[in-house]
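J.: Let the hints inform the model, and build the full structure from the sequences given.
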Amino acid sequence: MKELLLIAIGSAIVNNVVLSQFLGICPFLGVSKKTETAAGMGGAVVFVITIASFVTALIYKFILANEALLKMGIDLTYLQTIVFILVIAALVQFVEMFLKKSIPSLYQSLGVFLPLITTNCAVLGVALTNVTKEYNILESIVNGFATAVGFLIAIVIMAGLREKIEYNDIPKPFQGTAIVLITACLMSIAFMGFSGMI
Amino acid sequence: MNKNVERLYNGIIKENPTFVLMLGMCPTLAVTSSAMNGLGMGLSTTVVLVCANLLISAFRKVIPNGVRMPAFIVIVASLVTMVQFIMNAYTPSLSESLGVYIPLIVVNCIILGRAESYASKNPVVPSIFDGIGMGLGFTFGLTAIGLIREILGAGQVFGFQLLPLADKANGVAGFTPITIFVMAPGAFLVLACLVAVMNIVRAKMEAKGKPLAAPSGCLTGDCASCGQSAMCTGRSQSESASAKKAE
Chain A
1 MKELLLIAIG
11 SAIVNNVVLS
21 QFLGICPFLG
31 VSKKTETAAG
41 MGGAVVFVIT
51 IASFVTALIY
61 KFILANEALL
71 KMGIDLTYLQ
81 TIVFILVIAA
91 LVQFVEMFLK
101 KSIPSLYQSL
111 GVFLPLITTN
121 CAVLGVALTN
131 VTKEYNILES
141 IVNGFATAVG
151 FLIAIVIMAG
161 LREKIEYNDI
171 PKPFQGTAIV
181 LITACLMSIA
191 FMGFSGMI
Chain B
1 MNKNVERLYN
11 GIIKENPTFV
21 LMLGMCPTLA
31 VTSSAMNGLG
41 MGLSTTVVLV
51 CANLLISAFR
61 KVIPNGVRMP
71 AFIVIVASLV
81 TMVQFIMNAY
91 TPSLSESLGV
101 YIPLIVVNCI
111 ILGRAESYAS
121 KNPVVPSIFD
131 GIGMGLGFTF
141 GLTAIGLIRE
151 ILGAGQVFGF
161 QLLPLADKAN
171 GVAGFTPITI
181 FVMAPGAFLV
191 LACLVAVMNI
201 VRAKMEAKGK
211 PLAAPSGCLT
221 GDCASCGQSA
231 MCTGRSQSES
241 ASAKKAE
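Protein chains in written order, with the working numbering: chain A, 1 to 198; chain B, 1 to 247.
The hints are simulated quantities; they were obtained by calculation from the structure and are not laboratory data.
Careful, some of the hints might be misleading.
[Said to hold, decoys possible] Coverage of chain A stretches by chain B, computed from C-beta distances (three or more under 8 Å per stretch; other residues unrestricted):
1) 16-24
2) 120-132
3) 181-192
[Unchecked claim] Simulated pairs of lysine-lysine, DSS-like, Cα-Cα distance not exceeding 27 Å:
4) A:Lys172 <-> B:Lys208
5) B:Lys14 <-> B:Lys204
6) A:Lys172 <-> B:Lys210
7) B:Lys204 <-> A:Lys172
8) A:Lys71 <-> A:Lys133
9) A:Lys172 <-> B:Lys14
[Stated by the list, open to error] Some chain B residues judged to face chain A by a derived CB distance under 7 Å, without partners named:
10) Cys26
11) Ala30
12) Ile73
13) Val80
14) Met87
15) Val100
16) Pro103
17) Ile200
18) Val201
19) Met205
20) Ala213
Cβ atoms here follow ideal geometry from the backbone N, Cα and C, with glycine treated the same way.
T.: Right, dumping it as C-alpha cells:
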C-alpha cells in the first residue's frame, strides 16, 4: 500500500507529466483556453491512460514477456513500442464506440476529446515507463491513473490562468503562445517545490 | 534551383521545423538540457525520418488509402525500435540520458507529418532529401536551444567548460551558472523567448513582403498540417464542443 501511495504521489505531483517530463505538451497548450474544455480533456486523458496502462501491462506480462515463451528462448519484448502504439490507437477507437453506444451521457462530456488522445505522447510514455520501471499490473494502473491526474491538475490550472491573462496588457511579441509558455515556466518552478517530498 | 537542393533548403531554413513550423515541441523541450543531448536526439530523429520517408514513398502505391495511418505508424515504430537498439549498443550514455524520449520519436509530429504531407505523394529521391532537410533543420534547432541552455545553465559547450566558474571560497571571480536553465522551467522559458523572437522576425518579414510559413502543429493548436489529423480530430471537435456549450 505504501509503495502504491508513493508511486501515485510521485507521478501525479512530484514528477508531473507535463511540467517536468514534457509529455502531452500539445493538448496542454492547444486545449487550455477554457477551464471547462480543459477539464473535459483532462477527464478523457484520465480515462484513457488508466485503461491503456492496464491493457498494455496485461499484454506485456502475458504475451510479450510471457514466461513460457522466455523459457523457450523467444523474447518478444523488443516489439513493445510497435505493439503499444497500435494497441493504444485501436483501444481509443474502441472506447469511443463503446461509450457512444452504451454510456451516451459520458460520451457527451468526454467523447469529443477521445480521438485527440490517440496521438498524445503521454499515453505511450506512461506505457513505456511502466515497462522500464518494472511495475506489476496493479502498480501500472496506479501509475497510469496518477500520471493522468497530474495532467488534469496541470491543464486545469493552466486554463484558469489563461482566462485571467487574456485581459492583461502583454508586450506584442509575447502575445499568444509565448506568454502561455512563460506561464508554464512559472508553474513548473512552483511544482519544483514538491521535489523534496519523496 | 535543383529540386533536391530546394528540399534541403526548405527543411533547414525556409520551413525549419523548430523555428518556423514549431513542430515536435515535446522533444524540443525535453531533451535540450545540453547541446549534446539535442544533437543526439536530432540525429536519431533524422535517421528515422529519412528511412521512413524512403520506405513510405517507395510503398506509396501499394498501401491502401484507408489504412495508410496504421501502416505509416508500423513502419515508423519499427525504425524507431531499430534506432533505439543501435543507440543502446554504440552510445549507451546518450541513450540513457535520452531515455523514454527515443521510443517517443514514434509520436513526433514531424515524422508522420512529413509522411502524410510529402513522402506519400512524391517519388523516392525527393522524399529522401526532404527527410534529410527536415531532419537537419530539427537537429539544428535542438542543438541551438541546447547550446543556449547549456551555456547559461552550466557555462559549458558540449561538456567543455567555456566560461570559468566563480569560486567564492578562494575569491576567484567568474561565471555563476543559472542552474534553472538546465532544469525543467528553463526549457519553457527559452522556448517562450524563442517564440517571441520569431514573432518579431515574422512581423519584419511580413512588412518586407516576404512572409514566413505559418507555424503549424500542436503549439498553435492548429492540427491541419500535423499529419496525424487523419486520426486526431481534436481541434475542430474541441472547438465545436465549446461552441455547443456556449449556445
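J.: Which numbered hints are broken by the structure, listed smallest first?
T.: 14, 18, 19 and 20
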